[in-house]
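Put together the whole structure using the sequences plus the hints.
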Amino acid sequence: MFAYLVRRLLYAIPILIGVNLITFALFFIVNTPDDMARMQLGVKRVTAEAIEKWKAERGYDKPLFVNAQASGVGVVTETIFFTKSARLFVGDFGRAEDGRDIAREIRTRMGPSLAIALPTFVLGLFVTVCLALMLAFFRATPLDFWGVVLCVAMMSISGLFYIIGGQYLISKLWRLVPISGFSAGLDAWKFLILPVLIGVVSGIGSSTRWYRTIFLEEIGKDYVRTARAKGLSELAVLFRHVLRNALIPILTGVVVVIPLLFMGSLLTESFFGIPGLGSYTIDAIQAQDFAVVRAMVFIGSVLYIVGLILTDLSYSWVDPRIRFES
Amino acid sequence: MSIQPVLLWSDALIWLLVLGVVAFGWASSRTPPLRAAWRRVGRNRPGMAAATVLLVFVLIGLLDSLHYRPPLANRTPDQPAAYSIEVLSALDALAAPLRTRMEKTYSAPLATRAYAKESIEVRDAGGAVHAVRDFPRLAFGGAHLGEDEAQRDADVLGRVLAAEVVALALILVVSGVGAVLLARRQAIPWPQAVRRLWRGDTDIAWNAVLFSLGALALTAAPLLALCVDYHVFGTDKVGQDVFYQVLKSVRTALVIGLVTTLVTLPIAVALGILAGYWRGWVDDLIQYLYTTLSSIPGVLLIAAAVLMMQVVIDTHPQWFATAAERADLRLLALCLILGMTSWTGLCRLLRGETLKLRELEYIQAAQAFGVADLRILARHILPNLMHLVIIALVMDFSGLVLSEAVLSYVGIGVDPTTISFGTMINNARMELAREPMVWWSLAAAFSFMFALVLAANVLADAVRDAFDPRAAVA
Chain A
1 MFAYLVRRLL YAIPILIGVN LITFALFFIV NTPDDMARMQ LGVKRVTAEA
51 IEKWKAERGY DKPLFVNAQA SGVGVVTETI FFTKSARLFV GDFGRAEDGR
101 DIAREIRTRM GPSLAIALPT FVLGLFVTVC LALMLAFFRA TPLDFWGVVL
151 CVAMMSISGL FYIIGGQYLI SKLWRLVPIS GFSAGLDAWK FLILPVLIGV
201 VSGIGSSTRW YRTIFLEEIG KDYVRTARAK GLSELAVLFR HVLRNALIPI
251 LTGVVVVIPL LFMGSLLTES FFGIPGLGSY TIDAIQAQDF AVVRAMVFIG
301 SVLYIVGLIL TDLSYSWVDP RIRFES
Chain B
1 MSIQPVLLWS DALIWLLVLG VVAFGWASSR TPPLRAAWRR VGRNRPGMAA
51 ATVLLVFVLI GLLDSLHYRP PLANRTPDQP AAYSIEVLSA LDALAAPLRT
101 RMEKTYSAPL ATRAYAKESI EVRDAGGAVH AVRDFPRLAF GGAHLGEDEA
151 QRDADVLGRV LAAEVVALAL ILVVSGVGAV LLARRQAIPW PQAVRRLWRG
201 DTDIAWNAVL FSLGALALTA APLLALCVDY HVFGTDKVGQ DVFYQVLKSV
251 RTALVIGLVT TLVTLPIAVA LGILAGYWRG WVDDLIQYLY TTLSSIPGVL
301 LIAAAVLMMQ VVIDTHPQWF ATAAERADLR LLALCLILGM TSWTGLCRLL
351 RGETLKLREL EYIQAAQAFG VADLRILARH ILPNLMHLVI IALVMDFSGL
401 VLSEAVLSYV GIGVDPTTIS FGTMINNARM ELAREPMVWW SLAAAFSFMF
451 ALVLAANVLA DAVRDAFDPR AAVA
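Chains as they are written, first to last, in full-length UniProt numbering: chain A, 1 to 326; chain B, 1 to 474.
Worth double-checking, as some hints may not be accurate.
What follows is a set of in silico ranges between Cβ atoms, one per label pair, in the way DEER data are often shown [stated by the list, open to error]:
(1) A/Gly273 to B/Trp198: 50 to 60 Å
(2) A/Met134 to B/Pro97: 47 to 57 Å
(3) A/Ala68 to B/Glu325: 38 to 48 Å
(4) A/Val318 to B/Met437: 45 to 55 Å
(5) B/Thr105 to A/Thr77: 52 to 62 Å
(6) A/Ala287 to B/Asp468: 17 to 27 Å
(7) B/Leu181 to A/Thr252: 46 to 56 Å
Covered by chain B, according to a simulated footprint, are these stretches of chain A (three or more residues, beta-carbon under 8 Å) [claimed, not checked]:
(8) 12-23
(9) 154-165
(10) 260-272
(11) 280-293
Because the hints were derived from the structure by calculation, they are not lab data. Every residue, glycine too, gets a C-beta built ideally from N, C-alpha and C.
This is the structure:
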């Protein structure tokens, strides 16, 4: 087990290097720092000095890979690749356009993001699994049929509609909770309840249908027939046997997103004015703040790889048949 | 009056796609398993109803993909022909009244007066002019009514009823012609043909097709009857008709949904098959490639790539002759970028399936006979993967259409000058806080998008059920 974990962690290193190279290529080779400077300063009437100054302020005035003018290790370290890309590995993300330290910003914004994403995830999983179990219990009845129809209809509605409609109905028309905003203390719940609710509702359609398919596939297997033949009630079969065995395919899709919860949701956070990482990313995209986008891409892929490893570990937890040989 | 045809890149790809579909249809009519699978789709009633709706959307999109530049009007005959820098499409020409009748700003659906009050100069009985704050009369909305605005409700009702009657007559005629054709083909008396048609007792679920055609006619007829003299869905901030915008959005959605998968399909298929068939270091390399790409969260990779593409486009204005060409290239670039993030799933699936296939006896027999690897791939492996490719193509469509709206909202979607569901929603979002609310743009965009995505989802289910061998056994 331990050896397997070590091997997986080692395997993550070349992938992260690959991600790093892709982002480097996107941000510095497809577009030279000169292009970025012109973009930020405005394309027209920009002097060469202004571009040089912009680059020098951000440390973009170095050569890409090899600095022939420097001496010793400086040949490698005094380059854009080393200062901007390789430094990401040690958690040094540099500064945003407004001069703030990105790493600090990320640490403070992680809390609000999690406050939204974690309840949405847990509640959403619970609700959809329950609904899917219900549809599987009433399979081949009108309830099941219309449930699936409703699911297909719900998954055809744009996520933007859920947010805009929910805000209009609950906050503007019924005035139950504030439209948007956030507060750090205990009274944050009234800001959180609407985004969490909308997040759960918008996910119902596709997840319920997906889990229902998994449950139905499991119900058709031989051990279920055996369990019924023993005289177990249908509910006992569903909860004690089908649910536990269906956990394996469900986990594949679910565990991998758990680390990504830290990143928050772009849409929800920007509509509800939550000062989390999602709205941070959106603001950076709209302000064309390349340093922040680069940092978020890197963190995102680290978290995704962590999620993949967690998925593998969770397999052996839910299914004792799976063992990792080293 | 001659026109200058313009072939935008996305037009070329769309027509290429049409050609591809025709060729594929011809090929599948000659391949028994594919023919059987399409028959299963044809018997699926929800699937056929959805296909009919989608076909109408596709026709709108195709009309919108025939572009040209109109000649400039005021020139003397001896001058060489000069063309407007505005690029129009066949749909624009058909919907010219919708496109050209611009109001000043917002107006509600079917309104005769504007949404906000303005100072209007009124001449009273004595001839003196004084300013009154009132809702100004629209330039085009209900203009045929003249001063008689109270007549509007009666006029609208009359038009809707007349349109519904026409639609109903039309659908009855179409059904009747269908029944007569069926009667002649199966050599049965026509009442029996009508009964068979009604029950869906035919090779293809014609009753579902006729039903959804009827539903479409009943919704489209009043819209068409009203859009001539009113703004059916109101107007937006710059006074443009929302109905026209919705029609234009269809093409953008189709391009995003279809071209995206199409441009990356060759990569996914080629790499997936190579990795699964040759294994070894080829497999390792390809697996590394797609694991790396898929480990970057999709939105962030798209954001990074789109930001970079914007810089490239903004720093090279000399590449584009017209604004339409620039917007079009941006749309295509977005398709490519979206495709880059979505091909990895299909590639992984195809690799796994190829790994399974290459161990089967008939492949091993082919290898033992000394058939070349490339020939085995083309003759034996690729045809057995086609069902996965088709399923992926239709399943991805709805997700891509939905993601376009989200990306345009975030600011990394299509060019702001391109009319799409995303840009419509994004522009309308600013007005939600106004009192009374400007809801019509949002409602129109969301309901058309819902219809398109729902139809695509239902058709995707039908296709998956028909092509997935596992589902066929069950």
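Numbers of the earlier hints that this structure fails to satisfy, in rising order: The structure conflicts with hint 6 only, although it agrees with all the remaining ones.
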